[in-house]
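Trainee: Going line by line, the protein sequences match chains A and B.
Taken in order, the first sequence gives residues 1 to 890; the numbers are from this note's numbering.
Taken in order, the second sequence gives residues 1 to 359; the numbers are from this note's numbering.
Hints listed in this document are in silico derivations from the structure and should not be mistaken for laboratory results.
One should not assume that every hint holds.
[Unchecked claim] Across the chosen pairs, the derived CB separations fall in these ranges:
1) A:Arg-375 / B:Arg-70: 46 to 56 Å
2) B:Leu-333 / A:Tyr-261: 43 to 53 Å
3) B:Leu-334 / A:Trp-233: 23 to 33 Å
4) A:Lys-161 / B:Ala-242: 49 to 59 Å
5) B:Leu-334 / A:Arg-375: 41 to 51 Å
We put the CB at the ideal spot given by N, CA and C, even for glycine.
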Amino acid sequence: MNYPVWETYFINPGLWVAIIAVFHVFISHFAVGGGIFLWYTDRLSVLTNDQDLREFVRKHTWFFLLITMVLGGVSGVGIWFIIGIASPEATSILINQFVFFWAIEWVFFFVEIVALLIYHYKFDELSDKLRLRVALLYAISAWMSLFVINGIICFMLTPGKWLETRNPWHGFFNPSSFPSLFFRTGISLMLAGIFGIFSTLFFSPKEKRPFLLKYNVKWLYVAFPFIFFSSIWYFLTVPELSKLFNFLFNRQVLMAKKVLYVSSALIYLISLAFLVKVNPGLQRLLAFLLLFIGLLWLGSFEHIREYARRPYVIYGYLYSFGIRVEEEKKLNSEGFLKHARWAMVKEVTEDNKILAGREIFNLQCLSCHTIKGLRNDVVEKARGFTYFGMVSQLYGQGKVLGYMPKFIGTEKEREALAAFIVKELLRKPENPPELKPVIRELKTQPFTFDPQKDQYVIFVFSPLGMKCVTDADRWFSFLYPGSTFEALVIKRGPKPEMLDNTKVQLVYKVEPGFETPSKHVLFWDYATEFFNQTIPKDLGLTGKGLNGTFDWDEKRKIFIAKGIPVLPYKNDGTYNPYPVFEIEAVDKVSGKVLQRTKAVSPVATEFRCYVCHEGGPRWNGVAGISDQTAINILKAHDKNHQTNFYKSALQGKPVFCQKCHADFIVGSEGIKGHNSFSAAMHGWHANYMPYKDEKACYLCHPDHPKGNTKCYRDIHKKLGLECVDCHGNIDLHATSLLKKTNTKTSKFLLAHLNPPIPKDQITPRKPWVQQPDCLNCHKGFQKPAQEAKGYNNWTEDVSGLFRVRKDNTQKLPCLVCHGSPHALYPAFNPYGMGRDNLQPLQYQKNILPIGANLKCEVCHVKKMKIPFHHPNLIRTFRNTNLLPSKKALE
Amino acid sequence: MTFFRGSSKIFYMENLVFYPEKLPFYSSFLIFLEHTFFLLHILLINLILGWSMFFAYQQLKEDFLPETARLFLKKKPILFALAINMAIPALLFLQVVYGPLFFTSSIILATYWMLIIPSVILVYYLSYLISKKSSSQKPFKPFIFIQAFILLYIVFILISNLTLLENPEKWHVYFANRKGTYLPLDIPYLYFKYLHFLVGSLAVSGLSLGILGHYKNDKMCLIKGLNLFFYLTLLQIGVGIAFLLSLPSEIRGLFLGNDPKVAFFFYLSIVCVIGSLYFSKKHHLKLTTSFFILTLIFMVVNRFNLRALQLSSYYQTELLQVSPQMDVFLVFLLFLGLGIVTVYYFLKNSFSKQGERKV
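Just chain A, same shape as in the assembly (with noise of 0.2 Å):
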């Protein structure tokens, strides 16, 4: 924020800081290791008066001076430099807190000068115990280089007590300055055993080399309890969110530590290729490859260690962009760019939007991204992100996948580095294309029902909504096709008589043009993948097809139709989310039908997964999840869990989604372990959604003002009640499942929201189970309190549920008089208002609950006089001003 930024797309600073750091650590290691090999084994030669040794020292110390002091030093002030250009702000932070110790280091980096070069140039001149002297001179120096190097390496891993004191010393000696200094005295004395093969093999005498070649292999082994033990000590002082964020989740270090650990296997297992008879020029070729492998193994730990700090770069204090944790809080409120020295753009504007994006991207971003470079490029990242999806992504950066530093700026900043990275380098469109509008009216008539002579009611609702179905069965599915309806018959008189199956016989009939989903979606081709079942085509997991009979539930006491593959998609081609079906009532005895009724079964594809993850809808530009929508989701989610669901979909083995993540509504356990589907769905895009109104609800949820759908269609949403006043924002809500489900990932995920009451008091529940009940705000069964709020006191269990409740006669179930949930009656729907007021407008010629202003007639045939099923039922119906004409009121 203070600096300039080097703009090099390419290669950014980050990464050559990585590729000087690699190569400079791998020969600066070699550098210390060397110089205990090489005192001990001249030791050895003096020891043993074995002049082949000694002559193999003295050649491998020109090989040993000819790495170390031109590569391993010029490369040493390389990193200097590059870390000044790629991080100054956390340079001149080391380098002002560690002066002293930086020129004690320089000390003995001159002491190791001075000694090797006598060491090398007077080899032959000085006396074995003065040789001797100089070369553990040399040891000593080069290993008290490490020590004082590492404890300012590890400062930036963990500060420990500097956080709280500043003093240098807590920050020198800190938690892993040990445990790293033995890990890396190990690891250079394995480098000196390996670079001790290399210089046997071209530089010693043949008949010394199986002598030496099993010397230096031993090097390798009494490195390894170094490496092994100190490792450990090593990782337990890692902080345990690093852990958590960096060790399970980043896909980079994972990729390291496979590196790590198959590369430790390849050299100890390669280092005993040395030790049998083989033909020399294999034997060369394998020291190369060797050395290889060990830069490799350093280039993967030194790896995990960089990002093992991630966020920051001095953990806990700077973040990895150079931005101070302190000064979070006011670039947030004041503005990134405003406090950015460097920076064209001082504030966001439309005019310079893609400026004071591509500014933010320098400072914040290109550290570590580069634009179409080697590494961490930004574009592909990107390239399934939409300009929201973009802006949501960097609105939860670093909440749940805490190694990436959270945005730091405020919203229109966001924007603006969205915008940068989506319409500049992506070249995409700000807005994906709207749905296409598709709502008309259409017509539907009720049946007819003369009060005087007709002695039979069906009341057929649908426990849901709506039913929402996935459509991309090709590469997932989390809601197959399967729509349930439930009815009643009731024989009508002052005492009304419920039917069962024993008497009567429920026939249910779709529209014509719903009676083959199978041509619209996949899901019947990959069922089989889904339940390891094959489903005939248009019939449900049930059984049941568009056409078919009702059975009896004989605990509940109605007739139940489940699972009906019904589908928006009719084969004209159109959208029509609220098909009708016709359904009879024949007597079991005669054969007559003893009433008919319709009613609409909610049935939806409308998720805007595409107005994130890119792809556009898959239904006529209508509905649905396109297959690049599909692949950029499950790209997204291999990316971020480590799952690999697009090969496996490309394989023609699709996911679903339940099997991992536990679900009531589809009978799913999952796995132990994984939160519940909705906890993972509400709880990991709470994190990233900009909004906490409504608008975070329908981005997902069928009832976008603009969509085909409109799902929310009741007397609530006329009064002006929103989602978000039942079931809370995205926050309490995610909160609320989150709390329940109580997995490792679930307390990451609830870290970061921000609900409108405190976490602690907010009521854990199980998805589809508890819910907001209606008295929560209805008490009594009175007109609700205007402060009334219906989240946060949720049912009990099933049997709380709207959907599943009954009366006080515990015989009629709610839907019955007020339709099903999010369309109670009188329910406004955009397809017309008859679509889902079929049955008020049957039995009672109005939209109105069945009941409502005094209608008892329609079961009782008469005005009943006490409130039986529920308090206040006997009154007129109070929202009559939003009723559309009088004539729905007749």
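Chain A is fixed; fit chain B onto it per the hints.
Mentor: Chain B in isolation, oriented as in the chain A frame:
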């Protein structure tokens, strides 16, 4: 108030230059350490560069150098090792005191600055190659030229960076070029500063030839060396005057007498140069060397004064806040003392004629 325009916005220089957090020790002492190590570093670099140019010239004019001079060809890797080593503390203390300026200037010319690293590796290895072949008549002629050219590049970038550091008013170029490929070629005194360094390197190398001649009892070599020093120093005076004239007039005025303290050291260095010239003409090595060392010391002071004057409206080291780490400093002194004693002990024993050396 200095400001400049960039993409229709006005930026204020004061905002680009800032003071670092509290220094870990007194700035004056840190500056002293910086200049001490810089002097040692630059002396070694002078020798490396000067001798590289001498040997390059010798490839064109074979009798230019006496045979004794080949020792420098052979020992150049050692000079490299020590020069790089001495660069570290110089750079360290520079970064502590002038960090906000140094990091910024390094970023603005980052591409050239980073190219120094592979360049140094290359010339360093070339020095080993050339050293191995030093006894032959034409030791890797192309390599000697390549080495000299690369060294000229390295020194030019080093001087460019330090010049840019002293001229924050030029930093606005960053807004037009962020690729790190700017060089402050529009600062007139850069060229004379560079030339001053080159001629200085040749003069130092000439003097070192004289010293070598003295130790090798090679009279011809001694005289050749002192003559080279004399003529090159004479030339250096001319370059120095041009350097002075190319400085902004107010700064030049301060050196010439408007600021007595600044002028005092400037004139003192002139007197010492004249002394070294006089004694080199007389072929008096010890006095030449003594006056030369004094010149160098005063030149270092002049160099500091020039930087302070250039930066006076942006960055004043006296204003830097300090929170001294006295305990760590004392530990550093202890290790420095131990290091010097140890090195002395080993050098003494390794190079003594009796000592513990093999017979």
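Trainee: Against each hint, give a clear statement of whether it holds in the structure.
Mentor: Checked hints:
no., hint, verdict
1, A:Arg-375 / B:Arg-70: 46 to 56 Å, "48 Å, holds"
2, B:Leu-333 / A:Tyr-261: 43 to 53 Å, "46 Å, holds"
3, B:Leu-334 / A:Trp-233: 23 to 33 Å, "30 Å, holds"
4, A:Lys-161 / B:Ala-242: 49 to 59 Å, "56 Å, holds"
5, B:Leu-334 / A:Arg-375: 41 to 51 Å, "44 Å, holds"
The structure meets every hint from the earlier list without exception.
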